[in-house]
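Chemist: Sequence:
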Amino acid sequence: MADFSIKVFSSKLYQKAFEDDIFSRAAQVGFYFSFAIFPLLLFLVSLFGIFLDATDNFKLELFFYLKQIMPYSAYELVRTTIEETTQNSGGGKLTIGLLIAIWSASAGIDSLRNALNAVFDFKETRSWWKTKLISIIFTVLLTLLITTALGAVFYGWKFASFLLTAVSIPDPSPFYLVAIQWIITLVVLLIIFELLYNVLPDRKPFRWFWITPGATVGIILWLILSNSLKTYLEYFNNYDRTYGSIGAVIILMLWLYLTALVILVGGIINSIMEEFKIAKQLETTIDEVDGEKK
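FYI, in our numbering the residues of the sequence shown are 55 to 348.
Hints are not guaranteed to be accurate.
Restricting the straight-line Cα-Cα distance to at most 20 Å, the calculated cross-link-like pairs of lysine to aspartate or glutamate (EDC-like) are [stated by the list, open to error]: (1) Lys177 x Asp74; (2) Lys177 x Asp256; (3) Lys61 x Glu73; (4) Lys258 x Glu248; (5) Lys121 x Glu138.
Hints are computed from structural coordinates only; laboratory data are not their basis. Everything numeric in this text was worked out from a predicted model, so none of it was measured.
Turn these sequences into a full structure, and let the hints steer you where they fit.
Modeler: Spelled out as structure tokens, the structure:
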């Protein structure tokens with residue numbers, strides 16, 4: 055049982071997915087994320103407006119980035135909501151609303167923490183205020199990481215071009231610039247996934263794992279699912295014609311549901327791999343004890 059095999063792994067993955075009811079939990083997380091995404095984006099826009107005095111420019115770049123990764127109808131819903139909110143609110147109102155935005159967005163992190171505790175079979179022993187503080191800090195940290203990823207997408211090529219020119223490469227190939235952008239984006243995604251799996255669950259004793267199988271698979275699955283859903287809706291989008299304006303809400307929640315599902319699947323993969331590792335260590339210890347007795 056300690057030796058890894060695809061058959062045993064697949065069986066455990068299937069069994070644990072239904073035992074932990076990850077499909078229902080992903081729906082719950084996706085539901086809370088649908089409330090958290092608007093405050094989080096408003097927080098991003100307000101943050102840039104306060105510190106960089108570049109709210110309008112950042113909004114345009116943020117919308118461009120979201121359009122690349124989100125289904126079009128979901129993107130239009132998010133864009134319209136952000137535009138209307140920022141136009142109807144003064145800078146002071148948005149500044150005051152930052153705390154409310156962070157608190158609201160942290161609710162999505164709360165639901166994800168509960169789901170990951172179930173996936174890893176951990177019992178939450180931390181107090182309410184401590185878990186809420188972790189969720190708020192994680193929300194702010196997530197915002198900063200997303201900002202870094204956006205900066206890599208929008209300005210990474212300028213920074214890379216400057217560095218390559220500084221080392222006597224006057225006309226760097228676009229391939230290198232795109233590669234640097236993707237590397238930074240993937241590193242940020244990896245950090246986000248590892249933070250989710252290492253910090254949110256109530257792991258005792260606390261241990262940090264880098265580049266886990268679950269995070270790697272999760273990132274790949276998320277990129278594939280997001281682009282597949284986007285491509286499908288571009289060619290076979292019947293939601294708007296069938297459901298009207300509410301179709302955008304349905305598509306947004308579907309995308310958030312798939313995102314949550316991918317995160318939970320990655321958590322299950324890490325949990326199973328830990329079981330294999332513990333079983334292997336136990337088997338090795340038993341063999342050593344038996345060897346000493348002989």
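Chemist: Next, verify each hint and record whether it holds.
Modeler: Now the hints, each set against the structure:
no. : hint            : in the structure
1   : Lys177 x Asp74  : holds, 14 Å
2   : Lys177 x Asp256 : holds, 7 Å
3   : Lys61 x Glu73   : holds, 18 Å
4   : Lys258 x Glu248 : holds, 16 Å
5   : Lys121 x Glu138 : holds, 18 Å
The earlier numbered hints are all upheld by this structure, with none contradicted.
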